[in-house]
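Student: First to last, the sequence lines map onto chains A and B. Count along the first sequence from 1, then add 273; that gives the number in my numbering. Count along the second sequence from 1, then add 293; that gives the number in my numbering.
No wet-lab data here; the hints were simulated from the structure. Note that the coordinates shown come from a computational prediction; the quantities given were computed from them, not determined experimentally. It is possible that some hints are incorrect.
[Said to hold, decoys possible] Keeping only pairs whose Cα atoms sit at most 27 Å apart, straight-line, the calculated DSS-like set for lysine-lysine is:
hint: 1; chain 1: A; residue 1: K968; chain 2: B; residue 2: K332
hint: 2; chain 1: B; residue 1: K319; chain 2: A; residue 2: K338
hint: 3; chain 1: A; residue 1: K625; chain 2: A; residue 2: K467
hint: 4; chain 1: B; residue 1: K332; chain 2: A; residue 2: K336
[Said to hold, decoys possible] Cβ pair distances, simulated, as ranges:
hint: 5; chain 1: B; residue 1: S348; chain 2: A; residue 2: L957; range: 43 to 49 Å
hint: 6; chain 1: A; residue 1: T951; chain 2: B; residue 2: P499; range: 20 to 26 Å
hint: 7; chain 1: B; residue 1: M442; chain 2: A; residue 2: E412; range: 31 to 37 Å
hint: 8; chain 1: A; residue 1: D305; chain 2: B; residue 2: G346; range: 27 to 33 Å
hint: 9; chain 1: B; residue 1: Q485; chain 2: A; residue 2: D672; range: 51 to 57 Å
hint: 10; chain 1: B; residue 1: I328; chain 2: A; residue 2: M369; range: 49 to 55 Å
hint: 11; chain 1: A; residue 1: G492; chain 2: B; residue 2: P499; range: 57 to 63 Å
hint: 12; chain 1: A; residue 1: E299; chain 2: B; residue 2: A526; range: 55 to 61 Å
hint: 13; chain 1: A; residue 1: T398; chain 2: B; residue 2: G358; range: 52 to 58 Å
hint: 14; chain 1: A; residue 1: L295; chain 2: B; residue 2: S348; range: 37 to 43 Å
hint: 15; chain 1: A; residue 1: E412; chain 2: B; residue 2: Q509; range: 57 to 63 Å
hint: 16; chain 1: A; residue 1: L957; chain 2: B; residue 2: M442; range: 18 to 24 Å
hint: 17; chain 1: B; residue 1: A526; chain 2: A; residue 2: T398; range: 50 to 56 Å
hint: 18; chain 1: B; residue 1: I328; chain 2: A; residue 2: L957; range: 20 to 26 Å
The beta carbon of each residue, even a glycine, is placed where N, CA and C say it ideally should be.
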Amino acid sequence: MDHHHLFDVGGAHLSRLEDLRLIKGEGCYAADWNLPRQAHAAFLRADRAHAKILSINIDAARKAKGVLGVYTGADAVSAGYVKPLSMLTFAGKDGMKARLPNRAVLAHERVRFVGETVAMVVAETALQAQDAAELIEVEYEDLPVTVDPRATLEAGAAQLHDNVPGNMVFEQEAGDAAAVEAAFAKAAHVTRLKLDCTRVAPNPMEPRACLVAYDAGSGAYTLHTPVQGINMMRMQIAAYTGVPDDKLTIRAKEVGGGFGQRSIAYTEYVAAMIAAKALNRPVKWVSTRSEGFQSDSHGRANYIDAELALDRDGTFLAMRLDWIADLGAYLHPAGPVSPMRNPVTCLNGVYKTPALFGRWRVALTNTVPVSAYRGAARPEIAFTIERLVDESAAQMNIDPAELRRRNFIPKEAFPYKTPTGSIYDIADFHGVLDKALKIADVAGFDKRRTISEKRGMLRGLGMSTVIENSGAGMFPKDEVLLEVGSDGNITAFSISHSQGQGHETTFAQIIGDALGIPAERIQLQQGIAEKGLIGNHTGGSRTIVGAGTVCHIAAKKLIEVATPLAAEQLGVEPSQVAYAKGEFQSKESSKKITLGELAAKKPLSVTGEGKFGSTYPNGCHIAEVEIDPQTGVTDVVSYVTVDDCGTVINHAIVEGQMHGAVAQGWGQIFGENIVYDTDTGQLLTGSFMDYSMPKAGWIKDITIAEHTTFGTISPLGVKGMGESGCTASLGALTNAVMNALRPLGVPPLDMPLTAHKLWQAITSAKKGL
Amino acid sequence: MFAFQYRKAKTLKDAVEILAKDDEAKPLSGGMTLIPTLKARLANPTQLIDINGISELSGIEVKDGALIIGAATKHHEVATSKVVRDALPALADLASHIGDPQVRNRGTLGGSVANNDPAADYPSAVLGLNAKIITNKREIAAEDFFLGMFATALEPGELIVRIAFPLPKKAAYAKFPHPASGYAMAGVFIAQTASGIRVAVTGAGPGVFRWTEAEQALTKSMSAAALEKLTLAADDLNEDIHGTREYRAQLAKVMATRAAAALA
Chain A
274 MDHHHLFDVG GAHLSRLEDL RLIKGEGCYA ADWNLPRQAH AAFLRADRAH AKILSINIDA
334 ARKAKGVLGV YTGADAVSAG YVKPLSMLTF AGKDGMKARL PNRAVLAHER VRFVGETVAM
394 VVAETALQAQ DAAELIEVEY EDLPVTVDPR ATLEAGAAQL HDNVPGNMVF EQEAGDAAAV
454 EAAFAKAAHV TRLKLDCTRV APNPMEPRAC LVAYDAGSGA YTLHTPVQGI NMMRMQIAAY
514 TGVPDDKLTI RAKEVGGGFG QRSIAYTEYV AAMIAAKALN RPVKWVSTRS EGFQSDSHGR
574 ANYIDAELAL DRDGTFLAMR LDWIADLGAY LHPAGPVSPM RNPVTCLNGV YKTPALFGRW
634 RVALTNTVPV SAYRGAARPE IAFTIERLVD ESAAQMNIDP AELRRRNFIP KEAFPYKTPT
694 GSIYDIADFH GVLDKALKIA DVAGFDKRRT ISEKRGMLRG LGMSTVIENS GAGMFPKDEV
754 LLEVGSDGNI TAFSISHSQG QGHETTFAQI IGDALGIPAE RIQLQQGIAE KGLIGNHTGG
814 SRTIVGAGTV CHIAAKKLIE VATPLAAEQL GVEPSQVAYA KGEFQSKESS KKITLGELAA
874 KKPLSVTGEG KFGSTYPNGC HIAEVEIDPQ TGVTDVVSYV TVDDCGTVIN HAIVEGQMHG
934 AVAQGWGQIF GENIVYDTDT GQLLTGSFMD YSMPKAGWIK DITIAEHTTF GTISPLGVKG
994 MGESGCTASL GALTNAVMNA LRPLGVPPLD MPLTAHKLWQ AITSAKKGL
Chain B
294 MFAFQYRKAK TLKDAVEILA KDDEAKPLSG GMTLIPTLKA RLANPTQLID INGISELSGI
354 EVKDGALIIG AATKHHEVAT SKVVRDALPA LADLASHIGD PQVRNRGTLG GSVANNDPAA
414 DYPSAVLGLN AKIITNKREI AAEDFFLGMF ATALEPGELI VRIAFPLPKK AAYAKFPHPA
474 SGYAMAGVFI AQTASGIRVA VTGAGPGVFR WTEAEQALTK SMSAAALEKL TLAADDLNED
534 IHGTREYRAQ LAKVMATRAA AALA
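Isolated chain A (complex conformation) (with noise of 0.2 Å):
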């Protein structure tokens, strides 16, 4: 079969077939479920970065109108809600294990950043319980702050948990230290950087939310809470509190936006099942944008020296990092693990550079606690590399694009084995190359710079070219099971659950292609705890290739559960019964049974399942700014990406994810910036007053093209695209920046690349500073 017209029939451009509902109000969010006799949660919440409890009065909030209950630490200490789940189990240096501080769910002794939670209030309305919440007081005593991510591990420096001393959690090396000493020896040209990447909150649309009802009878608990996938919450949910899976169901429809900040199990979430229990009532909360700000998971916030070491002619002969993960004041159970698999799974980037040596820190400061975030540290360690890649182009005066080509793993090297252990699949990093340079006309950019500096302007040119792993994932399979009506519409279930991607059309489109009946012939459903499937969260760009590929995989195993059932019905050898396009047919006669028929005489069902190891996205951005010199802004003028993402199910919804993506870079690059007050620990930038998120408009055309490999994971080819957008762009529109500034003489600078930066930094180059 030619994978490759897959879906041409299917729709490739199909528009997405959950958007009508979507757009009519009709979706169902996390604060649109309602339960009888629900009641509703305010937390308390710290206004300091580090202090002690000295003690908490909640008299008067348990007397004011409307309150059921009050819940402190001492609660939360009693229930044992204590100590969070943490993926963080694998060995670091010398057999380190992780040092894991506790956290009660709601803060017991001690405060560690502002925002978190001191108390929950549940009254009869929200008013009342936010009302109440004003009313407790606690007194405090403030203590030492530290937020800043490497002098956290300085000595002196405050410390948060007793269990975790120096604020270093866990450090891991990677890579081989002696060859890339005896590399760096012998090079001709050694570039080093410090590259930030800076602390970003993901903002999704919807704000956190959850309604937790409990059954007295049964002991069991119902959350209804965004999330990325059902068990990925059910499994952290149990750990937290030691209530077994079989005694809690997680349900969710909608969710706007995730980004990873979705996969959490939230102490608002699990503080609120404390109050369920005792007040035998449902406990609704919604969070607010502002607390959403101080309490939802944040992103990035790694921190980076890095040094290439080149030989004469361009070649790389070795990278070498010293990189710090500032994880906030406490860990989220993946929210670690991101930084220190990731980078390393991906190491050399695009690149043969044969010797790699990294070490990496774990840190934690008096701030919001970070997780993954659209790419997971894939951006990070790509924009580390690209931007080493452009510096040293520019300083040995070699044109970017060739410097790239020289080190590039050649198409014929795949499967490519990485000096990190990765196998790289498939890839064609010169071919993406090429046809980018070509969409962006890199070749007349000297004109259009002559251009814009007649008009006063700084242009600039930069690419970026990257990989990152998809795929794997870290539950044992995935399933999808197809129910059949007796309309012959079919219903597929799955736990991978969108939170804007499109499941339901891109699923749709896999499972009618594979059945040969139209896509808006099958709807899924998504986080039905009731059919007990096993499967990862939408995550780590993986959807397509785990719960995707099973969409395929299931749909031909109906076909054939289904063809002796047919072949018994129409009273032929299985053998003499052909299936196409939702019906079977006798070869000996003109018999004929729907799929539809054959589910009215008997439920028609089945679970497909499947498991898949790494694949790996790649692809080349190229960004071109104007900038202007008098105010420090950037326009950016053309932006081209190449993508391979694999096969193409819809081009609509590829399209729609890298201009989500590239916006998301484009924040991060241009403004988004969680900051903190060095001396107090208070958050700066806790509301969209003061926290730029990129907005319509600023954005102008994205050109977007492929230049695909068919991937060998995945019988369909797929190798993923959610976050390849985050991944390129950083380092794309920081090189293009910089290639407009290093002419005036202006040094690397940390992102974001705001406008009074940029006028600061040319100012000071033109007085030459």
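Given chain A's structure and the hints, the job is docking chain B onto it.
Tutor: Leaving out everything else, chain B in the frame of chain A:
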């Protein structure tokens, strides 16, 4: 948010009477500042008196050499009104750059001017054109109206009814929006009025102010070049994580230059 009573006033008299009787009541116009303040539990009024739809507060007309706009007129209406676009296009342009489409379709002229946010756009036009603020009690000249950050000459219970903008020969507004909030980091309104050139700067300082050196320079020559050698004194300007005083001074100068270039 705290609990409050919502009342819709039918007439100006109605609104003024309720406000006079209750010190803790607040008038609600577009609510673009008030509602977020309530949501953040930073204000706890007893009542919100909705003044939208009161006929005395609406209307756009040119009369006796001035453009007169009712206080409850939404930014979008100012931006798109043919009367405004013909008589005072700079004001329509200014209104079209306030906030975002949601804000422009709810926020009002009177609400913005009464709030006197130091980074709001309208105060620069009010001061730059030496407009008259007409309240239910009196007329206040722009020069006497703005009293610094969020402070105005309005007395308790006093409502802006309409604002009269004397029509200039020419005027222009240039704005550098704050990257997060969309308010002005620096907004400069330049008007060639009967009494001379006026240059009003918003966003850069603790309140809207006139840049007299720029007025003098532009009086000699209405051109971008006339401002080249000027530097706005940065000492009294705002400084925060988004920009130093010096940056704001630079932005004010660049915006003034752009507005002047539009008028040259």
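Student: Run every hint past the structure and note whether it holds.
Tutor: Right, here's what the structure says about each hint:
1. Taking the CA atoms of K968 (chain A) and K332 (chain B), the gap is near 23 Å; set against the 27 Å cutoff, the hint holds.
2. At most 27 Å may separate the alpha-carbon atoms for a hinted pair to count; K319 (chain B) and K338 (chain A) meet this at roughly 25 Å.
3. At roughly 23 Å between alpha-carbon atoms, K625 (chain A) and K467 (chain A) fall within 27 Å of each other, so this suggested pair holds.
4. A C-alpha spacing of about 24 Å is found between K332 (chain B) and K336 (chain A), which places the hinted pair at or below 27 Å, so the restraint holds.
5. Range check, S348 (chain B) to L957 (chain A): Cβ separation about 45 Å, and the 43 to 49 Å hint holds.
6. Checked against the given bound of 20 to 26 Å, the beta carbons of T951 (chain A) and P499 (chain B), roughly 25 Å apart, stay inside it.
7. For the pair M442 (chain B) and E412 (chain A), the beta carbons lie near 34 Å from each other, so the given range of 31 to 37 Å is met.
8. Here the CB-CB span from D305 (chain A) to G346 (chain B) is close to 31 Å, well matched to the stated 27 to 33 Å.
9. In this structure the supplied range 51 to 57 Å holds for Q485 (chain B) paired with D672 (chain A), their Cβ-Cβ distance being about 53 Å.
10. The hint said 49 to 55 Å for the Cβ distance between I328 (chain B) and M369 (chain A), and at roughly 52 Å that hint holds.
11. Taking the beta carbon of each, G492 (chain A) and P499 (chain B) are about 60 Å apart, inside 57 to 63 Å as hinted.
12. The given range of 55 to 61 Å is respected by E299 (chain A) and A526 (chain B), whose C-beta atoms sit roughly 57 Å from each other.
13. At about 55 Å, the CB distance of T398 (chain A) to G358 (chain B) agrees with the hint of 52 to 58 Å.
14. Checked against the given bound of 37 to 43 Å, the beta carbons of L295 (chain A) and S348 (chain B), roughly 40 Å apart, stay inside it.
15. One distance hint, 57 to 63 Å for the beta-carbon pair E412 (chain A) and Q509 (chain B), holds here, with the actual separation near 59 Å.
16. Remark: the range hint 18 to 24 Å for L957 (chain A) to M442 (chain B) is upheld by a beta-carbon distance near 19 Å.
17. Our hint of 50 to 56 Å for A526 (chain B) and T398 (chain A) holds, since their Cβ atoms are close to 53 Å apart.
18. Between I328 (chain B) and L957 (chain A), the C-beta spacing of about 23 Å keeps the proposed range 20 to 26 Å intact.
Every hint, counting from the list given before, is met by this structure.
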